[in-house]
Each structure stands twice: as C-alpha cells, then as structure tokens.
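Here the protein sequences line up with chains A and B, keeping their order.
Residue numbering for the first sequence follows full-length UniProt numbering, beginning at 1 and increasing consecutively.
Residue numbering for the second sequence follows full-length UniProt numbering, beginning at 1 and increasing consecutively.
If you are wondering where the hints come from, they were derived from the structure by calculation, not from laboratory data.
Beta carbons: idealized from backbone N, C-alpha and C, even for Gly.
Some hints here could point you the wrong way.
Claimed, not checked - Short derived list, chain A residues pointing at chain B, Cβ under 7 Å: (1) Arg452; (2) Leu456; (3) Phe460; (4) Asp462; (5) Trp482; (6) Thr484; (7) Val489; (8) Ser492; (9) Phe496.
As the list claims (entries may be wrong) - Some chain B residues judged to face chain A by a derived CB distance under 8 Å, without partners named: (10) Leu456; (11) Asn483; (12) Gly495.
To be verified - Once the Cα atoms are required to be at most 25 Å apart in a straight line, the calculated BS3-like pairs of lysine-lysine come out as: (13) Lys97/A with Lys505/B; (14) Lys224/A with Lys525/A; (15) Lys97/A with Lys224/B.
Number of protein chains: 2
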Amino acid sequence: LSWNVSYPEQAVHFQLLIRDLHFGLLFGMSDRGEFENADLAVLWSDGHNSYFGDAWSDAKGQLHMDPQQDYQLLGARRAPEGLYLLFRRAFSTCDPKDYLIEDGTVHLIYGILEKPVHSLHAINISAIHRGLQRVQLLKPNITVPELPSDMKTMEITAPDIVIPSQETTYWCYMTELPDDFPKHHIIMPVITAGNEALVHHMEVFQCAAEFDSFPRYNGPCDSKMKPDRLNHCRHVLAAWAMGAQAFYYPEEAGLAFGGPGSSRYLRLEIHYHNPLVFEGRHDSSGIRLYYTATLRLYDAGIMELGLVYTPVMAIPPGEDAFLLTGYCTDKCTQLALPAAGIRIFASQLHTHLAGRKVVTVLSRDGRERQVVNADGHYSPHFQEIRMLKEVVAVFPGDELITTCTYNTEDRSRATVGGFGILEEMCVNYVHYYPQTQLELCKSAVDPGYLHRYFNLVNRFNDEEVCTCPKVSIPQQFYSVPWNTFNRDVLKSLYGFAPISMHCNKSSAVRFPGEWEKQPLPIITKRLREPVPHCPPAPGPRPATPVPLNLGELRR
Amino acid sequence: LSWNVSYPEQAVHFQLLIRDLHFGLLFGMSDRGEFENADLAVLWSDGHNSYFGDAWSDAKGQLHMDPQQDYQLLGARRAPEGLYLLFRRAFSTCDPKDYLIEDGTVHLIYGILEKPVHSLHAINISAIHRGLQRVQLLKPNITVPELPSDMKTMEITAPDIVIPSQETTYWCYMTELPDDFPKHHIIMPVITAGNEALVHHMEVFQCAAEFDSFPRYNGPCDSKMKPDRLNHCRHVLAAWAMGAQAFYYPEEAGLAFGGPGSSRYLRLEIHYHNPLVFEGRHDSSGIRLYYTATLRLYDAGIMELGLVYTPVMAIPPGEDAFLLTGYCTDKCTQLALPAAGIRIFASQLHTHLAGRKVVTVLSRDGRERQVVNADGHYSPHFQEIRMLKEVVAVFPGDELITTCTYNTEDRSRATVGGFGILEEMCVNYVHYYPQTQLELCKSAVDPGYLHRYFNLVNRFNDEEVCTCPKVSIPQQFYSVPWNTFNRDVLKSLYGFAPISMHCNKSSAVRFPGEWEKQPLPIITKRLREPVPHCPPAPGPRPATPVPLNLGELRR
Numbered sequence: 001l002s003w004n005v006s007y008p009e010q011a012v013h014f015q016l017l018i019r020d021l022h023f024g025l026l027f028g029m030s031d032r033g034e035f036e037n038a039d040l041a042v043l044w045s046d047g048h049n050s051y052f053g054d055a056w057s058d059a060k061g062q063l064h065m066d067p068q069q070d071y072q073l074l075g076a077r078r079a080p081e082g083l084y085l086l087f088r089r090a091f092s093t094c095d096p097k098d099y100l101i102e103d104g105t106v107h108l109i110y111g112i113l114e115k116p117v118h119s120l121h122a123i124n125i126s127a128i129h130r131g132l133q134r135v136q137l138l139k140p141n142i143t144v145p146e147l148p149s150d151m152k153t154m155e156i157t158a159p160d161i162v163i164p165s166q167e168t169t170y171w172c173y174m175t176e177l178p179d180d181f182p183k184h185h186i187i188m189p190v191i192t193a194g195n196e197a198l199v200h201h202m203e204v205f206q207c208a209a210e211f212d213s214f215p216r217y218n219g220p221c222d223s224k225m226k227p228d229r230l231n232h233c234r235h236v237l238a239a240w241a242m243g244a245q246a247f248y249y250p251e252e253a254g255l256a257f258g259g260p261g262s263s264r265y266l267r268l269e270i271h272y273h274n275p276l277v278f279e280g281r282h283d284s285s286g287i288r289l290y291y292t293a294t295l296r297l298y299d300a301g302i303m304e305l306g307l308v309y310t311p312v313m314a315i316p317p318g319e320d321a322f323l324l325t326g327y328c329t330d331k332c333t334q335l336a337l338p339a340a341g342i343r344i345f346a347s348q349l350h351t352h353l354a355g356r357k358v359v360t361v362l363s364r365d366g367r368e369r370q371v372v373n374a375d376g377h378y379s380p381h382f383q384e385i386r387m388l389k390e391v392v393a394v395f396p397g398d399e400l401i402t403t404c405t406y407n408t409e410d411r412s413r414a415t416v417g418g419f420g421i422l423e424e425m426c427v428n429y430v431h432y433y434p435q436t437q438l439e440l441c442k443s444a445v446d447p448g449y450l451h452r453y454f455n456l457v458n459r460f461n462d463e464e465v466c467t468c469p470k471v472s473i474p475q476q477f478y479s480v481p482w483n484t485f486n487r488d489v490l491k492s493l494y495g496f497a498p499i500s501m502h503c504n505k506s507s508a509v510r511f512p513g514e515w516e517k518q519p520l521p522i523i524t525k526r527l528r529e530p531v532p533h534c535p536p537a538p539g540p541r542p543a544t545p546v547p548l549n550l551g552e553l554r555r
Numbered sequence: 001l002s003w004n005v006s007y008p009e010q011a012v013h014f015q016l017l018i019r020d021l022h023f024g025l026l027f028g029m030s031d032r033g034e035f036e037n038a039d040l041a042v043l044w045s046d047g048h049n050s051y052f053g054d055a056w057s058d059a060k061g062q063l064h065m066d067p068q069q070d071y072q073l074l075g076a077r078r079a080p081e082g083l084y085l086l087f088r089r090a091f092s093t094c095d096p097k098d099y100l101i102e103d104g105t106v107h108l109i110y111g112i113l114e115k116p117v118h119s120l121h122a123i124n125i126s127a128i129h130r131g132l133q134r135v136q137l138l139k140p141n142i143t144v145p146e147l148p149s150d151m152k153t154m155e156i157t158a159p160d161i162v163i164p165s166q167e168t169t170y171w172c173y174m175t176e177l178p179d180d181f182p183k184h185h186i187i188m189p190v191i192t193a194g195n196e197a198l199v200h201h202m203e204v205f206q207c208a209a210e211f212d213s214f215p216r217y218n219g220p221c222d223s224k225m226k227p228d229r230l231n232h233c234r235h236v237l238a239a240w241a242m243g244a245q246a247f248y249y250p251e252e253a254g255l256a257f258g259g260p261g262s263s264r265y266l267r268l269e270i271h272y273h274n275p276l277v278f279e280g281r282h283d284s285s286g287i288r289l290y291y292t293a294t295l296r297l298y299d300a301g302i303m304e305l306g307l308v309y310t311p312v313m314a315i316p317p318g319e320d321a322f323l324l325t326g327y328c329t330d331k332c333t334q335l336a337l338p339a340a341g342i343r344i345f346a347s348q349l350h351t352h353l354a355g356r357k358v359v360t361v362l363s364r365d366g367r368e369r370q371v372v373n374a375d376g377h378y379s380p381h382f383q384e385i386r387m388l389k390e391v392v393a394v395f396p397g398d399e400l401i402t403t404c405t406y407n408t409e410d411r412s413r414a415t416v417g418g419f420g421i422l423e424e425m426c427v428n429y430v431h432y433y434p435q436t437q438l439e440l441c442k443s444a445v446d447p448g449y450l451h452r453y454f455n456l457v458n459r460f461n462d463e464e465v466c467t468c469p470k471v472s473i474p475q476q477f478y479s480v481p482w483n484t485f486n487r488d489v490l491k492s493l494y495g496f497a498p499i500s501m502h503c504n505k506s507s508a509v510r511f512p513g514e515w516e517k518q519p520l521p522i523i524t525k526r527l528r529e530p531v532p533h534c535p536p537a538p539g540p541r542p543a544t545p546v547p548l549n550l551g552e553l554r555r
C-alpha cells in the first residue's frame with residue numbers, strides 16, 4: 001500500500017499492490033479498525049469476472065453497495081509482482097455512510113477473499129482473512145530536512161537488564177555524557193531495536209545543572225533504593241512511545257545538550273508493560289540520538305500539557321465517552337513564556353489503554369482560536385510524534401486546553417489517573433522553540449473539592465462510600481456506587497471545581513506563585529466544528545459495480 | 001392569508017391577498033416570531049420593477065438572497081380587492097438557512113415595505129411595519145364532523161364578577177345542571193365572548209357523584225371562605241386556554257354529562273392574569289357547551305399528563321433550554337386503563353410563560369414508540385386543543401412521558417412549579433375514549449431527595465443555602481447560588497431521583513397502591529429524530545430574484 005495526498009484536490013490517491021490475489025479484497029477505513037460500520041472499496045470475482053465498487057458494512061458486518069460511489073477506480077494493472085489497483089477517494093464525500101478522512105489516526109482495514117463470490121452481499125466478513133494498519137493518512141507535506149554532514153550518533157540504551165516479571169515497571173538507568181562534551185543540537189531521536197512488544201514508552205531525561213554529580217543507578221524507578229536526587233532529572237531530551245516513527249527537527253531548531261550550564265547526567269526511563277508476566281526477558285532497548293555540532297538558530301524544547309498523573313482525575317466504569325480536561329492556564333504562560341511567544345511545531349499525544357480521542361486547543365482572551373493537535377480516532381497503540389500542519393504561536397497569557405475522551409465500557413471499577421497501564425494519563429508532549437524554562441504545564445482538580453464530592457456521594461447515597469481519611473483516593477473511587485447521579489455529579493465537579501496547577505521548571509520546581517485552588521479558564525467562544533467540504537458531484541455516479549477486465553483470478 | 005397543505009407533495013401552498021400593497025412585503029417563518037434568523041419570501045419594488053425571491057435574515061436582521069430558492073412563486077395576479085400572490089414551499093428544503101415546517105406551532109411573520117428599495121440588501125428590517133401570526137400550518141386533514149340536528153347549547157359563564165386587582169386569580173363559580181338532566185354528550189365546547197385579554201385559561205369541572213349536593217360559591221379559589229367540598233369538583237368537562245379555537249369531538253365519541261351516577265353540580269374555574277392590575281373590570285366569560293341527546297359510541301375523557309403543580313420542580317434562572325419531565329408510569333396505566341386500552345385523539349399542551357417546547361412520548365417495555373404530541377415552537381400564547389394526525393393507542397403498562405423545555409434567560413431567580421403565571425407548569429391535557437377513572441397521571445421529584453439536594457448544595461457551597469425546615473421550598477430555591485455545579489446537579493437530580501406519582505381519580509383520590517419514591521421509568525431505546533425528507537432538486541434554481549410584471553406599484 002502506498003498513497004499520495006493532494007491537498008488542493010482534498011483527495012487521497014491509493015495504490016495497492018496485491019501480491020497474491022485470490023478472489024478479491026476489501027480495503028477501507030473505520031472508526032477504530034473494526035469491520036462493522038466500515039467504509040470499504042471492494043474488488044471481487046465470481047471466478048470469471050471481476051468487479052470493483054464502493055461499499056459499506058452495517059453494524060452486523062453485512063456489506064451493502066453504496067448508492068454514491070466515492071472510491072473512484074483509476075486503474076488496475078497486472079505486473080509480474082502482482083496486481084496494482086489505483087483509486088481515488090475525497091477526504092469528505094458528504095455521504096453519511098462514508099468515513100471522513102481527518103488529520104489524525106486513520107484505521108485502515110483490509111481483507112482477502114479466499115473464495116469466489118457471486119455478489120457483494122454474499123461476502124461473509126467474519127470468515128475472511130483480515131488485517132489492520134494504523135496510519136496518519138494526512139501527514140503534512142513537510143520535506144525531510146537534509147541531514148548535516150557532521151552528524152554523529154549516540155545511543156542511550158538499557159544495559160542488558162532483566163525485565164521484571166510484573167505488569168508495569170518504570171525502569172531508571174543513569175548514564176552520562178563524555179567529559180567536556182560541548183553544546184550540540186539533537187536533530188533526530190530514533191528507537192533502537194529491542195523488546196518493542198514489551199516497551200510501552202521510553203524517555204531520555206537530562207538532569208538539573210545545579211548538581212555537580214548524580215549517583216549511578218540501574219533499577220526500578222519506584223524502588224526505595226533509588227537515590228532521591230534522580231528526581232531532579234526531568235528535562236526531556238527524547239521520547240518514544242508505541243507506534244512512533246522517526247521524527248526530524250525542523251531546520252531552524254534542535255534540542256540542545258552538552259556544554260556549560262548543562263548537566264552531563266542523563267536518565268533513561270523505560271515503561272515496560274509485561275501483561276503476560278514473562279520472566280527473565282533481557283532488554284537493551286533505548287534511543288539513538290542523531291546530533292550535530294553545527295548549532296541551529298533555536299534551541300528546541302519539549303513541554304508536557306494535560307493532566308497531572310494523580311488519582312484525583314478518574315473515569316467511572318462503563319462509560320463510552322468520558323471527557324477529562326487538563327489546563328495550561330494564562331497565569332502560567334504569562335509567567336513562563338517570552339514576550340515573543342513560542343512556536344509549537346510537533347506534538348505527541350499520550351494516554352493509556354482507555355484513551356479514544358485527544359485534542360489540545362489554544363484559547364486567548366477566553367476565546368478558542370486554534371486546534372494545536374487533534375486525533376478523533378486516537379489509539380494508544382499508535383503514538384507518533386506528529387509534525388503540525390502549521391506551526392502554532394503561543395504567547396504569554398494564552399491558555400492550552402487538552403481534553404481526552406476515554407472508553408471504560410469493559411471495566412467494572414473506576415479508572416484513576418496514574419502511571420499504571422490500567423490507570424490513565426492525558427498528555428500532549430509539544431515540541432517547540434525557542435526553549436523556555438517551562439517543562440510542564442498541567443492541572444488536576446483541587447483535592448479539597450474532590451473530598452467534598454466523596455462526602456456528597458456519601459450523604460446522597462446513604463453512606464455507601466468510605467471517606468475515612470485513611471482510605472486512598474483510588475479506594476474511595478472504587479467504592480462509589482456508579483449510578484447516573486454520581487456519574488453526572490463527577491462530570492459537573494470536573495467542570496466546576498478549581499484546579500491545582502503544575503507550572504513547573506525542569507527541576508520539578510514550580511514557578512513562584514500561588515498555584516492551588518486556581519479558577520478554571522472561562523471559554524466564551526468555542527471553535528466551530530469544521531463543516532466538511534463536499535466535492536462538487538461530478539454527475540450522477542452509478543451505484544453499480546465497475547466490471548474489471550482482469551481475466552480469471554487465481555492464476 | 002390562506003394556505004393548503006399537500007401531504008403527498010410534502011408542501012404548503014400559500015395564497016396571500018395584499019389589499020394595500022405599497023412597495024412590497026416580507027412573509028415568512030422563524031423559530032419564535034422574531035425577524036432575525038428568519039426564512040422569508042420577499043416581494044420588493046424599486047418603484048418601477050418588482051421582484052420576488054427567497055431570502056433569509058441573519059442574526060442582525062440583515063437580509064440575504066438564498067442560494068437555493070425554495071419559495072416557488074406560482075402566480076401573481078391583480079384583482080379589484082388587491083394583489084394575490086400564490087407560492088409553494090416544501091415542508092423541508094434541506095437548506096440549512098431554511099425553516100423546517102413541522103407539526104406544531106409555526107410563527108408566521110410579515111412586514112410591509114413603505115418605500116421603494118433598489119435591492120434586497122437595502123431593506124432595513126427594523127424600520128418596517130411588521131406583524132406576527134401563530135398558526136398550526138400542518139393541521140391534520142380531519143373533516144369537521146356534521147353537527148347533529150338535535151344539537152343544543154348551554155353556557156357556563158361567570159356571573160358578571162369583578163376581576164380582582166391582582167396579577168393572578170383563580171376564580172371559582174359553582175353552578176348546576178337542570179333537575180333530571182339526562183345523559184348527553186358534549187360535542188363541542190366554545191369560549192364565550194368576554195375579557196379575552198385577561199383570561200389565561202378556564203375549565204368547567206363536574207363535581208363528584210358521591211355527594212348529593214354542593215354549596216353555592218362565587219369567589220377566588222384560594223379563599224378561606226371557599227367550602228372544602230369544592231375540591232371534589234375536578235372532572236374536566238371543557239377547557240380553554242389562550243389561543244385555543246373551537247374543537248370538535250370525533251364522530252364516535254362525546255363527553256358524557258347528566259343522567260344518573262353523574263353530579264348535577266359544575267364548577268367553572270377561570271385563571272385571570274391581570275399583570276397591569278386593572279381595577280373594577282367586570283367579566284362574564286365562560287364556555288358554551290354544544291351537546292346532543294343522541295349518544296355516541298364512546299364516552300370521551302380528558303386526562304392530565306406531565307408534572308404535578310408543586311414547587312419541588314424548578315428551573316434555575318438564566319437557562320436558555322432547561323428540561324423538566326413528568327411521568328405517567330406503567331404502574332399507573334396498568335391499574336387504571338382497560339385491557340383494550342384507550343385511544344388519544346386530541347391534545348392540548350400547557351405551560352406558563354417560560355415554556356418553549358413540549359413533547360409527550362409513548363414508551364412500552366422501556367422503548368419509546370411514538371410521539372403523542374410535540375411542539376418544538378410552542379408558545380404559551382397559543383394553546384390550542386389539537387387533533388392528532390393519528391389516534392394513539394395506549395395500553396395498560398405503557399408509559400407517557402411529557403417533557404417541557406423552558407427559557408429563563410430574562411429571570412434573576414429560580415422559577416418554581418405552581419399556579420402563578422411566573423411559576424411554571426408542564427401539562428398535556430389529552431382527550432381520549434373510552435373514558436376511564438384516571439383523571440390525572442403526573443409526577444414530581446421525591447421531596448426527600450430534593451431535601452438532599454439542598455443539603456448537598458449547602459455543604460458543597462459553604463453554607464450559602466438556608467435549608468432550615470421552616471423555610472419554604474421556593475425560598476430554598478431562591479437562595480441557591482446558581483453556579484454551573486448547582487445547575488448541573490439539579491439536572492442530575494431530576495434525571496435520577498425517584499418520583500412521587502399522582503395516579504388520581506377525578507375526586508382527587510389516588511388509585512390504591514404505593515405511589516411515593518417510585519423508580520423513574522427506564523428508557524433503553526429512544527425514538528430517532530425524523531430525518532427530513534428532501535425534495536428531489538428540480539434542476540439548479542437561480543439564486544437571482546424573479547422579476548414580476550406588476551406595473552408600477554403604489555397605484
């Protein structure tokens with residue numbers, strides 16, 4: 001599969017090479033990769049004749065011909081290596097049965113027909129061999145910058161450790177730069193080969209410059225043996241999460257490291273997710289840094305937006321689309337950003353397994369101005385660093401509001417915020433320049449108001465929740481009887497209660513100021529949902545399949 | 001103005017007779033009769049030439065030509081009595097700028113152009129002479145039944161009383177049927193001439209048959225002088241409210257009165273609304289009953305659905321669309337309806353001044369089945385008894401759910417349920433046959449749960465609400481600080497808390513059974529919003545005005 005995006009035409013041209021065609025194939029898109037309610041291009045053969053058509057599958061997986069044919073077949077060609085199919089699909093067709101191709105993740109699905117079929121209706125979708133590929137179809141047309149001739153590489157990898165036989169491990173490994181390593185710019189961080197299946201995400205942090213030295217350490221991050229000083233290693237140099245591919249810095253910026261005023265000490269943190277509790281697995285995963293001594297115009301930075309990792313932000317069980325929102329307030333950006341502002345050029349969205357959508361919106365003077373990054377078909381298994389279509393300027397006093405949508409229909413107890421894979425996060429790592437001291441601009445509900453919520457649930461529901469101070473917040477959430485009232489009131493609480501702001505420098509130190517019980521940003525004007533642009537209908541298209549002259553299939 | 005509805009064509013043909021045309025006119029429809037965001041047919045003249053076109057006005061009242069011309073001019077003809085304009089409009093045009101003609105109230109607006117204008121854009125909508133007429137455009141095509149030859153009339157009117165000089169008065173007047181008046185059927189109740197401007201609504205009730213006599217009374221219904229026995233006069237014989245026109249019983253039914261087992265005593269109740277506190281106004285308003293001795297197949301009945309008149313159901317101030325719902329539960333219909341069910345043939349929706357929409361839905365086995373009556377542009381100034389397009393069958397175990405939408409944007413304190421014009425009601429008087437003992441099937445939130453709400457608001461908002469038991473419920477509502485949390489939680493409460501059911505016979509006696517703390521009906525499947533049926537586009541229509549050959553206007 002390959003594809004070309006034409007922004008002027010607002011259409012995608014797909015080219016499929018089918019190496020071993022049997023009696024046809026299905027190719028298409030659906031909300032999250034399911035074969036029900038999918039929008040499909042279908043090539044099928046009854047053994048003698050072949051047909052191509054635009055179809056859709058209903059909630060039961062039954063295929064139907066689409067009255068409006070929006071997958072336009074442009075060509076079908078046999079070649080020694082297989083059959084080439086070329087077809088075109090507009091981003092938006094204004095056909096309610098069709099998938100709307102948007103900026104974020106697209107779940108491409110495909111299936112192979114192993115037997116001849118006499119019609120579209122005869123295809124049994126549950127019996128076919130099928131697959132899923134997550135892609136960002138509408139990647140912006142950014143040319144890959146030329147790599148400088150003086151480029152060097154450095155690998156920061158785990159030293160052949162044994163992955164603990166438990167579900168969630170955050171592993172910490174301390175390493176250091178060579179003596180007298182001068183300032184360089186990282187221009188491309190790449191994951192090294194390793195146990196990709198068990199690595200959920202990893203990050204390379206630089207330590208705080210105010211300490212002359214840091215102890216060596218190689219062990220779990222939550223161990224009591226871990227020296228406290230490692231908590232001062234929080235400046236992100238490189239990050240990778242499941243599904244992410246190589247990412248290039250734009251020509252005008254690179255991530256500074258080395259040189260005076262910069263610590264030699266680095267901390268590699270790897271989140272291992274080992275649900276089957278494999279024992280004795282060795283790992284040397286890590287990140288390879290491509291860097292140059294030819295400094296670029298700007299030092300780049302990485303900033304975390306969204307929610308603080310705390311159990312006070314929780315999702316009731318059995319929700320199909322529950323929203324949590326984290327704020328980077330005007331007060332924080334006022335204090336931490338330069339007058340000329342910063343420019344965000346890339347973004348990596350991050351949640352754990354319940355995440356379904358993530359969006360960050362820029363708001364100024366109470367009015368939403370611009371979407372920084374949005375993924376309406378977000379998958380936690382596909383967390384790329386994505387270049388933005390256009391660079392977003394953020395000025396002092398602006399607000400950055402990150403909202404995640406979660407699905408907990410398969411869970412029987414509340415999902416709280418935290419580090420575990422079954423706990424949740426709502427984070428947008430934004431890549432920007434010029435670098436500032438602001439490393440983290442996130443929020444969580446005020447714990448005092450959450451305490452009022454538990455009291456309220458307690459009293460309203462006849463003392464069913466234990467709010468004894470000795471019980472942890474997750475335990476209190478687990479004991480809430482989740483009726484519609486308690487669900488609704490939790491939503492209302494998150495939409496009303498003041499927040500605790502984390503407006504932090506890299507050393508986990510807050511900027512000076514009062515950050516507790518801060519008012520929620522007020523939005524007086526929301527961005528409009530974009531109205532899909534419908535292509536002018538090029539005359540009535542027949543709802544009949546297009547016969548193809550491919551000869552008999554199954555050569 | 002006259003119009004014809006063609007249901008097969010899904011279109012309305014309007015005929016306008018303009019007796020004194022100056023330089024054109026505007027005619028159209030809008031949500032609630034405003035001239036902004038209106039859908040308009042415009043005839044205008046620059047003094048020499050005349051044009052006709054489909055236009056819309058934006059939120060500022062500026063007129064724009066509609067790219068899709070959906071008011072189709074069919075003819076324009078000068079006659080001695082004036083200019084006739086004939087045009088056609090489909091119910092639904094699928095143009096987002098166009099008004100969707102639905103079953104309920106339609107606010108028709110018109111304006112006269114007093115000066116020549118050179119273009120549509122030159123029309124200043126705020127400067128023109130304008131008017132409003134509320135109608136039900138889509139009245140069902142029910143033929144008026146022939147009136148029987150033996151039809152007689154009887155007037156039940158106030159005996160030249162003096163309307164009290166206060167805003168709200170419910171006046172009670174007792175009268176009686178002649179001695180030995182046999183059973184008859186009321187077939188048409190009509191309001192008599194009177195102080196229509198001050199009469200909000202009136203009803204004729206028949207008293208309970210178990211009492212041999214009732215005291216005479218003529219005075220305010222809430223007076224301490226009113227004999228208690230009058231509370232047993234609650235069986236509705238006829239009702240009228242602002243805007244209602246004559247209403248005919250269908251041929252198979254009539255409202256029984258007279259004869260053995262039926263009380264001779266009647267109570268006329270008139271709700272006077274006298275906001276300007278006029279003094280010394282005399283009134284003899286009342287209802288004229290048309291009745292026949294030729295009994296029809298079924299005795300008809302009137303049943304009240306919706307909310308009990310109690311302050312526990314309240315609307316916060318400043319809401320643009322707040323919903324309150326009243327239930328007639330399966331338990332009540334199970335007990336009170338005959339196995340063969342009842343047939344609802346007409347419905348009168350009733351709220352006070354904040355009401356904007358009313359809908360009653362029939363639900364069976366937890367699934368919504370049918371809309372009984374709905375008005376999405378409901379006006380409290382236009383409360384007709386409306387014949388239903390199709391008779392609705394209701395069986396034991398069915399649920400009737402009535403939801404009212406209120407707008408309190410112009411109010412600074414909460415609006416509670418009650419009898420005053422600034423208090424609210426949510427009622428659907430349904431007319432049905434055969435008559436049953438069920439006079440009233442309404443609900444309100446359980447008062448104990450409302451008390452929990454006040455406690456909760458109190459604690460969550462730092463003791464700002466006084467919930468001392470001596471303070472009335474309206475006073476408690478008035479003291480709530482209406483932040484988003486308190487609003488949201490009130491909504492959640494009404495959507496969650498158990499209800500107190502009024503499942504009453506005509507004598508205000510409840511059917512036997514437990515009616516307090518009843519569970520809310522559970523709806524597992526909602527009715528879909530009807531998808532507007534778009535007429536096939538009859539070729540591209542020009543977005544240019546149609547020139548008319550009318551000669552020079554202003555003869």
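Open item on the list: Taking the earlier hints as the rules, which of them does this structure contradict?
Closed with: Structure breaks hints 4, 5, 13, 14 and 15.
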